[in-house]
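Chains A and B supply the protein sequences, listed in that same order.
At position 100 of the first sequence the residue is numbered 1027 (our numbering), and the sequence of numbers has no breaks.
At position 266 of the second sequence the residue is numbered 367 (our numbering), and the sequence of numbers has no breaks.
Derived by calculation from the structure, the hints in this document are not laboratory data.
Please read these numbers as outputs of a predicted model, since none were measured by experiment.
Don't be surprised by glycine CBs; every beta carbon is placed ideally from N, CA and C.
Wrong hints could be hidden among the right ones.
[As the list claims (entries may be wrong)] Computed Cβ-Cβ distance ranges for the label pairs, DEER-style:
id, chain 1, residue 1, chain 2, residue 2, range
1, B, 378, A, 1099, 40 to 46 Å
2, B, 380, A, 1198, 52 to 58 Å
3, A, 977, B, 396, 34 to 40 Å
4, B, 378, A, 1258, 25 to 31 Å
5, A, 1258, B, 289, 38 to 44 Å
6, A, 1196, B, 135, 51 to 57 Å
7, A, 997, B, 102, 49 to 55 Å
8, A, 997, B, 396, 54 to 60 Å
Here is what each chain is made of, one letter per residue.
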Amino acid sequence: MAPSRSLPHFDKATLPLTSDEALMLYEDMVLGRSFEDKCAEMYYRGKMFGFVHLYNGQEAVSTGAIKTLRPDDYVCSTYRDHVHALSKGVPARQVMAELFGKATGCSKGRGGSMHLFSAEYGLLGGFAFVAEGIPVATGAAFQTHYRRNALNDTSADQVTLCFFGDGASNNGQFFECLNMAALWKLPIIFVIENNEWAIGMAHYRATSVPEIYKKAAAFGMVGVEVDGMDVMAVRAATLEAVQRARCGEGPTVIEALTYRFRGHSLADPDELRSRSDKEFWMSRDPIKTFATYVLEQGIVTQADLSAIDQKVAELVDEAVHFAEASPEPAPQDLHHYIYAD
Amino acid sequence: MAEMLLFNALRAAIDEEMERDPTVFVLGEDVGHYGGSYKVTKDLYLKYGDVRILDTPIAENSFTGMAVGAAMTGLRPIIEGMNMGFLLLAFNQISNNAGMLRYTSGGNFKVPMVIRGPGGVGRQLGAEHSQRLEAYFQAVPGLKIVACSTPKNAKGLLKAAIRDNNPVLFFEHVLLYNLKEEIPPGDYVQALDRAELVRPGQEVTILTYSRMRYHCLHAVKALEEKGYDPEIIDLISLRPFDMETIGASVRKTHRVLIVEECMRTGGIGAELSAAITERFFDELDAPVVRLSSQDVPTPYNGALEKLTVVQPEQIIEAVEKLVHGQV
Ligand SMILES: Cc1ncc(C[n+]2csc(CCOP(=O)(O)OP(=O)(O)O)c2C)c(N)n1
Ligand SMILES: [Mg+2]
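The task is simple: from the sequences and hints, build the whole structure.
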């Protein structure tokens, strides 16, 4: 059994929310959850193929972090990327159509679940190899730094959020990029979603120092741990990091302690994780705890939340209809997009 | 016309393109204050500053991925591989992300970047610093691969590579940096996808690239004295091949000799031979002959190293046999 690590406590009173903000956060998390549940359904009905990695349980991280961004900021993800794409604003129908392999998908049916991209919404991918997105995200942040410092473009204050898992944090690209990001004070935030597992490898069996956020200090960088089941805690930490990045004060590591509620992918029998662990984490469901909090505080009403549940269910159904009705990529276009003109 | 050494021609290409387009920048190990391992970027940091001539830590895979991210978001990075062999450490970023990302993203992003640097067998540098790895990258979709061979084409090709909207692997050869040649003044570019006719001839087509161009020229001198008339074509583009120029030559000579520094197994020549046989079989009067370097890690010992790569005498012998129908 993993040596238990106590979850950092966040004082919610320090982050006052308007009802609009609360509803926005709730809606984004519900969208993430409903979308993924629908994916599981569609996968088992033979509508989507390949490896499909769902995000259930981790919604507070995507929503808490990405919903602090501006549209012109960048997000870089992994193969567990559907919900990051949705939080960044990529329309659900485009994501669903991509999973169906359709020409209307955000990657034109060429990418699939693990390769979601959107230039329009600042989504840099969708990277299927563990940790390979970290350098790419660092490059996007370097681009902002370059425009600001070499081209004197004062509007260049975009921030890049780079998401990856506990398993990826043992890869050299993580350490190499922390070094370069800190060295050049790049406007990037490394958000590590520590869900305690890398497929079947428990985090504590894979790493010499399980507290990933502590590794930031070796690079002279700020590193914080947050309760990744608390959307407000993630939001508060990210707001601070975004502020730091935007005004040129450099990168931040945020380690969000979280858990996935399903297997590694829809092909994973999920036999290694203990029932008691699952029960512990399920009892901290980020959507339920947030709903309870905002209701108790009187920030929103049950009617508000129910309306959102309804709206999201319709949106996800619409996404499926759109995906289903969309055309397959044309066979004669097999070679499209290999080279740019 | 001014005489220029090859490494200075490359430097001029970078300098001119950086002046022309502020999004062009250089990154790599020791490209800044040190000036590059072969002085291709000497003193450019004084003109362009430390951000545009970016000295990186020794982290090939990560700085290559960084260049991909910068290219996706609007810049035009030029990576210098201190030695192209070191890019083996960046194979993932070159293949998955530089090469394939435009396609997997369904055209969302383009990746305009150049990866250049010294390759080839040098002066007893040992196996790891004497790689012949252009063929390793040949199968990666989305990459363009170019090998320069003269100061003139080095400059024109590098400028074209920098302006291209795709990732270009640009091979230089360690033994060619000090070649001197008159080159046209000012701005000129040379098409990345066109082979160069080096010496027109009637009897046999010699297809070569990079340093082997000079072994071929050397051999042809001797062959001319014996009355032979071979044609030499420098491939320039290793991916895709300029099949138009190659085809025209094959239709004229009906015989093909490939001379490469690449290894025989899975080499550039292997792919080229297959492409020629598939397309021009009816034009051939003899099988395509390949002279490649040996399938061994490049040995340190000078005599063994010489045995590893193709020598002019082998080219002379191969041409004579081809012309006399002995293959
Ligand atoms: C380079 C590479 N090696 C191995 C894999 C197979 N693989 C896919 S996900 C994964 C575990 C990654 O775990 P983590 O980084 O914690 O992310 P999580 O799946 O928990 O979100 C592995 C080993 C891969 N995709 N890429
Ligand atoms: Mg994990």
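So, going through the hints one by one against the coordinates:
| no. | hint | verdict |
| --- | --- | --- |
| 1 | B/378 x A/1099: 40 to 46 Å | holds, 43 Å |
| 2 | B/380 x A/1198: 52 to 58 Å | holds, 54 Å |
| 3 | A/977 x B/396: 34 to 40 Å | holds, 37 Å |
| 4 | B/378 x A/1258: 25 to 31 Å | holds, 28 Å |
| 5 | A/1258 x B/289: 38 to 44 Å | holds, 41 Å |
| 6 | A/1196 x B/135: 51 to 57 Å | holds, 54 Å |
| 7 | A/997 x B/102: 49 to 55 Å | holds, 53 Å |
| 8 | A/997 x B/396: 54 to 60 Å | holds, 55 Å |
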